[in-house]
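Novice: Just need the whole structure built from these sequences, with the hints factored in.
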Amino acid sequence: MTTPLKVKVYEVRLISNSEALKYLKEYSERERSKTGTVPLLVQRVIEYLYKFVKIPPEKAEELREKLSSLNLKEETIVMLMNICPQSHDEIRPLLVLEEKVLEAEQLDRIANLLKEYCTE
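Residues in the sequence shown are numbered consecutively from -19, following this note's numbering.
If you are wondering where the hints come from, they were derived from the structure by calculation, not from laboratory data. Fair warning: there could be bad hints in the mix.
[To be verified] Here are the simulated DSSO-like cross-link-like pairs (lysine-lysine), alpha carbons at most 27 angstroms apart as the crow flies:
no.	residue 1	residue 2
1	5	-14
2	-12	2
3	5	34
[As the list claims (entries may be wrong)] Simulated restraints on C-beta separations:
no.	residue 1	residue 2	range
4	16	67	43 to 51 angstroms
5	9	88	34 to 42 angstroms
6	-16	13	15 to 23 angstroms
7	78	-16	38 to 46 angstroms
Here the structure is a predicted model, which means the values were calculated and not measured. C-beta atoms are modelled at their ideal positions from N, C-alpha and C, and glycine is treated no differently.
Specialist: Below you can see the structure in the form of structure tokens.
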């Protein structure tokens, strides 16, 4: 028999897969120290995220701040962090939510940041 997952919501915001992994790992450590177990759903989501995360969780916040400094929307930042595109052609479709067209120089800055932080 599984116990229901009880989570108190403090804030609602968009987060990348790397950030989700970081938060879930912290949550699972707290649960393990309190109850001795971690809910199965949390374990499975952590396993899934380990397979697909492309940015080390400890560097995700730093990358988010750098991408935010380029005045990109949160949705765009999360997509860039999750997908880690490497070229202008891969980046452009992810900028669909932006209300402006980014110049080649800005695309270069995004690509360079992603190359620096993404592991794949």
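Novice: Please go over all the hints and tell whether each is borne out by the structure.
Specialist: Consistency of the hints with the structure:
1. 5 / -14: The given pair, whose Cα atoms are some 16 angstroms apart, holds under the 27 angstroms limit.
2. -12 / 2: Since the Cα atoms of residue -12 and residue 2 sit roughly 17 angstroms apart, the hinted pair holds (cutoff 27 angstroms).
3. 5 / 34: holds (16 angstroms)
4. 16 / 67: 43 to 51 angstroms: holds (48 angstroms)
5. 9 / 88: 34 to 42 angstroms: holds (39 angstroms)
6. -16 / 13: 15 to 23 angstroms: holds (20 angstroms)
7. 78 / -16: 38 to 46 angstroms: With a Cβ separation near 40 angstroms, residue 78 and residue -16 satisfy 38 to 46 angstroms, so the hint holds.
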